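Protein sequence lines, in the order shown, are assigned to chains A and B. Taken in order, the first sequence gives residues 47 to 279; the numbers are from this note's numbering. Taken in order, the second sequence gives residues 47 to 279; the numbers are from this note's numbering.
Where hints are given, some of them may not hold.
Note that the list lumps identical chains together, so a pair holds whenever it fits in one copy or between two copies.
[To be verified] Listed next, the in silico DSSO-like pairs over lysine-lysine satisfying Cα-Cα at most 30 Å (straight line):
hint	residue 1	residue 2
1	Lys-64	Lys-158
2	Lys-252	Lys-67
3	Lys-247	Lys-105
4	Lys-51	Lys-205
5	Lys-206	Lys-51
6	Lys-158	Lys-249
7	Lys-141	Lys-252
8	Lys-67	Lys-247
9	Lys-76	Lys-246
10	Lys-206	Lys-95
11	Lys-165	Lys-269
12	Lys-164	Lys-131
In case anyone wonders, no lab produced these hints; they're calculated from the structure. Predicted model, so just to flag it, every value in this text is computed and none were measured.
There are 2 protein chains.
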Amino acid sequence: MNIPKSHPRFVSLSIREKIVKGYNDGLVAKEGLLAHGRGEAFDYLVGEKTTKTAKAAIKAAATKLLSAQNPVISVNGNVAALCPKEIVQLAEATKANIEVNLFYYDEARKKKIEKSLKKAGAKQVLVDSPRCIVDKDGIFVADVVLVPLEDGDRTEALKKMGKTVIAFDLNPLSRTAQKADITIVDNVTRGMRLLVSACKKSKPTKTNFNNRRALSSAVSEIKNNLRRRGSLA
Amino acid sequence: MNIPKSHPRFVSLSIREKIVKGYNDGLVAKEGLLAHGRGEAFDYLVGEKTTKTAKAAIKAAATKLLSAQNPVISVNGNVAALCPKEIVQLAEATKANIEVNLFYYDEARKKKIEKSLKKAGAKQVLVDSPRCIVDKDGIFVADVVLVPLEDGDRTEALKKMGKTVIAFDLNPLSRTAQKADITIVDNVTRGMRLLVSACKKSKPTKTNFNNRRALSSAVSEIKNNLRRRGSLA
Numbered sequence: 047m048n049i050p051k052s053h054p055r056f057v058s059l060s061i062r063e064k065i066v067k068g069y070n071d072g073l074v075a076k077e078g079l080l081a082h083g084r085g086e087a088f089d090y091l092v093g094e095k096t097t098k099t100a101k102a103a104i105k106a107a108a109t110k111l112l113s114a115q116n117p118v119i120s121v122n123g124n125v126a127a128l129c130p131k132e133i134v135q136l137a138e139a140t141k142a143n144i145e146v147n148l149f150y151y152d153e154a155r156k157k158k159i160e161k162s163l164k165k166a167g168a169k170q171v172l173v174d175s176p177r178c179i180v181d182k183d184g185i186f187v188a189d190v191v192l193v194p195l196e197d198g199d200r201t202e203a204l205k206k207m208g209k210t211v212i213a214f215d216l217n218p219l220s221r222t223a224q225k226a227d228i229t230i231v232d233n234v235t236r237g238m239r240l241l242v243s244a245c246k247k248s249k250p251t252k253t254n255f256n257n258r259r260a261l262s263s264a265v266s267e268i269k270n271n272l273r274r275r276g277s278l279a
Numbered sequence: 047m048n049i050p051k052s053h054p055r056f057v058s059l060s061i062r063e064k065i066v067k068g069y070n071d072g073l074v075a076k077e078g079l080l081a082h083g084r085g086e087a088f089d090y091l092v093g094e095k096t097t098k099t100a101k102a103a104i105k106a107a108a109t110k111l112l113s114a115q116n117p118v119i120s121v122n123g124n125v126a127a128l129c130p131k132e133i134v135q136l137a138e139a140t141k142a143n144i145e146v147n148l149f150y151y152d153e154a155r156k157k158k159i160e161k162s163l164k165k166a167g168a169k170q171v172l173v174d175s176p177r178c179i180v181d182k183d184g185i186f187v188a189d190v191v192l193v194p195l196e197d198g199d200r201t202e203a204l205k206k207m208g209k210t211v212i213a214f215d216l217n218p219l220s221r222t223a224q225k226a227d228i229t230i231v232d233n234v235t236r237g238m239r240l241l242v243s244a245c246k247k248s249k250p251t252k253t254n255f256n257n258r259r260a261l262s263s264a265v266s267e268i269k270n271n272l273r274r275r276g277s278l279a
């Protein structure tokens, strides 16, 4: 489909095309299409832009990733379809490992994701095996794990393993958002790019980011946006 | 997948299974999976229950359908997957025609939807042809059209044709919600059942339903729900 740049939903529709292409290419699961739809709705409510709260979270995430001993970026099908280049750039800027972790396990899909990340420039891609939850050189030994677009059960499991978790999640009330140490309430296609440049500029210092307060601001931003859209409609 | 009834997201996950089954059976388009995801997010914000405002809209919709000369229920893949029996019951209760209308046109998919509606008990199912937007015995001559889950462009086209439009839409700010004469801000799987019983009980009287006011209440309900969920989190 050829979407004209003047279309009021051009950006959102272009992102949707990436996900559908990812599905057609075998990277994205059916459930990934549903999850993307949920993301679209929350992005609409967030105002389809990176909010002040999200920018602060990105800054804190950059410092945390740069101070980590063994940072790992956990990638699923949707992330691989939406921002493979940014994942590679982030891994380089933070000396992080990239690990493919699928919620709906599928060997063929995993191989395709691995291949697409390498095509985007990744030198090494770790993968979980069918018998293990995580790769023994990757998340297992990681201290900081970045999970863009993760399921609540998995985020809880990472927290129980004692990991510091940085998440992207457009729903500030989701379990992932609530359980993570730093939640970036932003669309990965916007936020990941900003996170890469923040990592290039930042230094590994301490951060006193308060996630609970940030999530509460994110909820307020949605409420304000609803008020604004409601009065425009 | 076997979801235990005790799972906190049992209802939402069961509805999702119907959509995924509909996709596997060839009724639902890829874009329908994405649209369902958006619906899940808004249903979450609405509180996953039929609100007071939605109940009032259902009551108004029942009166409007019963007073219509030629009511038509427009069905797409998602509706056919989610509530085929309710569609048939509603058609019987209101003497309405059922017409299959697909946003993403696909002859094979249309045939499958038609077949599934007949299997659910529909005596007659009208279909649009590749050359026409609507069936000449259906929406073309209809005065009242019920569009559960419709695209904004299509709703605008129906309004331009002078139809009275009743819509189901979980996003009170969408173009469909804003353009329709009566918008039921509810999940079709809940709302359609209530609409069927309302049609069995109601009489064809006049209704002075104010859609603008109802949509503004729906936005407030979402804001209140965000506040409540925010403080529980």
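Against the structure, the hints come out as follows:
{"no.": "1", "hint": "Lys-64 with Lys-158", "result": "both (15 Å within a copy, 28 Å between copies)"}
{"no.": "2", "hint": "Lys-252 with Lys-67", "result": "neither (40 Å within a copy, 49 Å between copies)"}
{"no.": "3", "hint": "Lys-247 with Lys-105", "result": "within (10 Å within a copy, 59 Å between copies)"}
{"no.": "4", "hint": "Lys-51 with Lys-205", "result": "between (42 Å within a copy, 27 Å between copies)"}
{"no.": "5", "hint": "Lys-206 with Lys-51", "result": "between (46 Å within a copy, 26 Å between copies)"}
{"no.": "6", "hint": "Lys-158 with Lys-249", "result": "neither (35 Å within a copy, 59 Å between copies)"}
{"no.": "7", "hint": "Lys-141 with Lys-252", "result": "within (18 Å within a copy, 69 Å between copies)"}
{"no.": "8", "hint": "Lys-67 with Lys-247", "result": "neither (33 Å within a copy, 48 Å between copies)"}
{"no.": "9", "hint": "Lys-76 with Lys-246", "result": "neither (35 Å within a copy, 38 Å between copies)"}
{"no.": "10", "hint": "Lys-206 with Lys-95", "result": "neither (32 Å within a copy, 33 Å between copies)"}
{"no.": "11", "hint": "Lys-165 with Lys-269", "result": "neither (41 Å within a copy, 44 Å between copies)"}
{"no.": "12", "hint": "Lys-164 with Lys-131", "result": "within (10 Å within a copy, 49 Å between copies)"}
In terms of the numbered hints stated before, the structure departs from hints 2, 6, 8, 9, 10 and 11, listed from lowest to highest.
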